[in-house]
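Protein chains: 2
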Amino acid sequence: MTDATAISISDLTELATEILTRGGFSHPQGAAIARTIIAAERDNCKSHGVYRIEGCLRTLKLGKVVPDAEPVLLQDDSAVVRVDAKSGFANLAFELGAPVLAEKTRKFGVAALVINDCTHFAALWPEVEALADQGLAAMAMCPSYATVAPSGGDKPLLGTNPFAFGWPRAGDTPYVFDFATSVVARGEVELYRRAGKQLPEGWAIDADGNPTTDPEAALSGAMLPFGGHKGSAISTMIELLAGAMIGDFTSDEALDFLGTTAIAPRHGELVLAFDPARMSGGRGNPIAKGEAFLDAIAGQGARLPSQRRFAARKIAMAEGISLSAAEMAQLHDLHARGLAAVD
Amino acid sequence: MTDATAISISDLTELATEILTRGGFSHPQGAAIARTIIAAERDNCKSHGVYRIEGCLRTLKLGKVVPDAEPVLLQDDSAVVRVDAKSGFANLAFELGAPVLAEKTRKFGVAALVINDCTHFAALWPEVEALADQGLAAMAMCPSYATVAPSGGDKPLLGTNPFAFGWPRAGDTPYVFDFATSVVARGEVELYRRAGKQLPEGWAIDADGNPTTDPEAALSGAMLPFGGHKGSAISTMIELLAGAMIGDFTSDEALDFLGTTAIAPRHGELVLAFDPARMSGGRGNPIAKGEAFLDAIAGQGARLPSQRRFAARKIAMAEGISLSAAEMAQLHDLHARGLAAVD
Chain L
1 MTDATAISIS DLTELATEIL TRGGFSHPQG AAIARTIIAA ERDNCKSHGV YRIEGCLRTL
61 KLGKVVPDAE PVLLQDDSAV VRVDAKSGFA NLAFELGAPV LAEKTRKFGV AALVINDCTH
121 FAALWPEVEA LADQGLAAMA MCPSYATVAP SGGDKPLLGT NPFAFGWPRA GDTPYVFDFA
181 TSVVARGEVE LYRRAGKQLP EGWAIDADGN PTTDPEAALS GAMLPFGGHK GSAISTMIEL
241 LAGAMIGDFT SDEALDFLGT TAIAPRHGEL VLAFDPARMS GGRGNPIAKG EAFLDAIAGQ
301 GARLPSQRRF AARKIAMAEG ISLSAAEMAQ LHDLHARGLA AVD
Chain A
1 MTDATAISIS DLTELATEIL TRGGFSHPQG AAIARTIIAA ERDNCKSHGV YRIEGCLRTL
61 KLGKVVPDAE PVLLQDDSAV VRVDAKSGFA NLAFELGAPV LAEKTRKFGV AALVINDCTH
121 FAALWPEVEA LADQGLAAMA MCPSYATVAP SGGDKPLLGT NPFAFGWPRA GDTPYVFDFA
181 TSVVARGEVE LYRRAGKQLP EGWAIDADGN PTTDPEAALS GAMLPFGGHK GSAISTMIEL
241 LAGAMIGDFT SDEALDFLGT TAIAPRHGEL VLAFDPARMS GGRGNPIAKG EAFLDAIAGQ
301 GARLPSQRRF AARKIAMAEG ISLSAAEMAQ LHDLHARGLA AVD
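Chains L and A, in that order, give the protein sequences. 252 is the number that my numbering gives to position 252 of the first sequence; each next residue is one higher, with no gaps. 253 is the number that my numbering gives to position 253 of the second sequence; each next residue is one higher, with no gaps.
Incorrect hints may appear among the rest.
Same chains, same names: a pair is fine if it fits in one copy or spans any two.
Dumping the calculated EDC-like pairs for lysine to aspartate or glutamate here, alpha-carbon to alpha-carbon at most 16 Å [stated by the list, open to error]: (1) 155 to 295; (2) 197 to 77; (3) 86 to 70; (4) 64 to 14; (5) 61 to 295; (6) 155 to 206; (7) 314 to 103; (8) 107 to 76; (9) 107 to 77; (10) 46 to 188; (11) 107 to 333; (12) 64 to 54; (13) 155 to 256; (14) 197 to 214; (15) 86 to 103.
These are computed hints drawn from the structure, not numbers from a lab.
Between the sequences and the hints, there should be enough to build the whole structure, so can you do that?
So, in structure tokens, the structure goes:
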């Protein structure tokens, strides 16, 4: 790639922070958003990388996020810590709540972080990784926009509802997965549409509820959950736990609230954390037991999730993040013109 | 069915308890096992119904379960309650731990029940239903025997690792699902073998790791996780949380320990519970919000999980449980001859 520029993680984070703050975010909000976006770009996770900066600014421009929100932490003597994001993006809210979640998890063995009234655009893996880095196991989940039909149904109701899990590994990157509970993320269907390609079977139904491989028909119909009725059940669980239970939007309410899937959705989030040291009750070393099991998976030649990200991260940490000339040009345009550069 | 006998739930529970105690189980153990088995039979969930009685006796006959184990409850000021099943079946251990789990959940918002050193033959839905009946949301999971290859792998390593979830509904049966994280339970493959039928594609691989539709080849090879790499990841999470983390067997260790899949496996179990009233933080009524969402699913004509069980339960509660002459004969034989009637 002759047109690629290598830029250090810290320089790119600073540039992204500047773009976001010049665009109108407070420094704490902009910096937290930038850290998350650049972590994704660093891992070559382009779907959540620098191209999301414009989306965050668009959401701001449309008045659908409070750019200088100051999240408020609420805690009592329970094992639940709550952060009211005050209609800001979720990132700063998570950063505020995570240390308290970790502390409560060490105290109680298991604890929960509830984030309410946040705008959400990011993957969940940065969150479970942050907890795994502290030696904790973690699950994270949230609703999104109603674009997925429940198994046996014919209309969008569930979101793509991501589910993420992290498990600490000794002296290594953690075991981490993070996936949409739909067959694929909506962006994937959009890529097929732009490429003029037919979808694989089993991804979607049209507006009448019939199976379709036409991306246009799929986008005006509904995507399907992964794994049939089992994936549909897990997605429903996410609506109940990370929507209804925490007093926040389910995916249909999130879509009703904003009326479009073109900007970042508004909802809540649920993160659970476990302290393996406490959960094991002195019955051996849980991390060592985990290693033995994960090694047995890898020993079959099966790839553990997130390995591609970790490999890209290693390169980015040594050589900087490689961005194309077009990506750099867009960043410079956003930096120079601010919201005027946002469609 | 001219040969069917209707027997009341309580009479059948009493008969099962007598069979189990005459076979050698202590009364508390036998009664707890009988309650679980008859709950399954009542719901016409035959795979966990009366036919399991012989399996429990077989496990006892082979000396692989302690029939008069007295489970021990361990608790501290954390949100985790632990029950050491003392090598007995899981049922009595759960019954001992569940009230303390419920109490801790109300106190802390979220809490966990860890069961260690138990023998396990039952579905998990009775457990999440018992918690939902008390107004709590719950997740339950456990390893089993290594019979499933991880996605991308070629040898059995994961168990069929069931995952269950329950959510309380106002004035109705709860929202409950409980499924194997393999495409199907192992018993299903066995049914195809007995019927001389080929398996659908995507269920299994042979001993060389190649896809197979031959049930014999599948049984000596490995089953596959549901939903490809996503289901495989969830199953791995279950090994880590409900095996490694709680200081108990992963599915490969469980199989090593007993050396056969023909009797009930030995491992631990993890149950998480949530108090929606506390988790909602005063932001509306979580149960009412859940109802609205579940009604929207049902409003599309999509069936909620467990509805078939609940319908069967209603009939059994009104008319008794219907058993065939062969089933009744086997129960009477087990009752009369005890362990001598067990293969």
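We went through each hint and held it up to the structure:
no.	hint	result
1	155 to 295	between (42 Å within a copy, 13 Å between copies)
2	197 to 77	neither (54 Å within a copy, 58 Å between copies)
3	86 to 70	within (7 Å within a copy, 51 Å between copies)
4	64 to 14	neither (24 Å within a copy, 62 Å between copies)
5	61 to 295	neither (48 Å within a copy, 36 Å between copies)
6	155 to 206	within (9 Å within a copy, 39 Å between copies)
7	314 to 103	neither (30 Å within a copy, 46 Å between copies)
8	107 to 76	both (13 Å within a copy, 11 Å between copies)
9	107 to 77	both (11 Å within a copy, 9 Å between copies)
10	46 to 188	within (12 Å within a copy, 41 Å between copies)
11	107 to 333	neither (48 Å within a copy, 53 Å between copies)
12	64 to 54	within (14 Å within a copy, 62 Å between copies)
13	155 to 256	within (14 Å within a copy, 47 Å between copies)
14	197 to 214	within (8 Å within a copy, 35 Å between copies)
15	86 to 103	neither (23 Å within a copy, 32 Å between copies)
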